[in-house]
Every structure is written in structure tokens, then in C-alpha cells.
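Please work from the sequences and hints to get the whole structure.
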Amino acid sequence: MELLRDMNEVLSCLQEGEVVTSNGKDLFVLKGEKVWTYREGTRFSLSLKDFAELYKKNRFYLYEESVEIDETKDEAYYRYYRK
1 MELLRDMNEV
11 LSCLQEGEVV
21 TSNGKDLFVL
31 KGEKVWTYRE
41 GTRFSLSLKD
51 FAELYKKNRF
61 YLYEESVEID
71 ETKDEAYYRY
81 YRK
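If you're matching positions, the sequence shown starts at 1 in the working numbering and goes up one per residue.
Don't read these hints as lab results, they were simulated from the structure.
With a cut-off of at most 20 Å between alpha-carbon atoms, the simulated EDC-like pairs for lysine to aspartate or glutamate come out as follows: (1) K56 <-> D26; (2) K57 <-> D26; (3) K57 <-> E2; (4) K25 <-> E68.
This is the structure in C-alpha cells:
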């Protein structure tokens, strides 16, 4: 994950449609004029001004979803067993 320098860069990334995170478990997404926060099964929204004020001291990272495929599990799943 790429560390974002300051709140201006965080807001810029959000406005470009990127997803940001502060710890890898929470997600911040801009929809309309609100920043939606998704964390541990909950969600809430804040205005851009409130978001910037509340989270100005947090470190943010550009969220990158990684998909890893375990070839051994894949092989076992698709293996044909004769009975």
C-alpha cells in the first residue's frame, strides 16, 4: 500500500475515485459529496469537511486489493475422483 502524504492528497485520491484506508481493514470511498466509511461490518458517511477535520492526524494509504490464488487448493477442488 502506498502512503499518502497529507489530507490534501487523501482528498484528491478520493475525488479521483480511489479507495483509501488507514489500517488495511477500513475503507473510505467518496460517493457524491459524502465520504463513506466501511469498517468491520458497519458503514457511515461524513461530509468532506467533517472527514478532513476528524481524520486530519491519521495516516492514510491507497487501498490495493490483491487477489491471491492458491494453486494447490485449486487443483484439489477440480480434481476428478472415481468411486
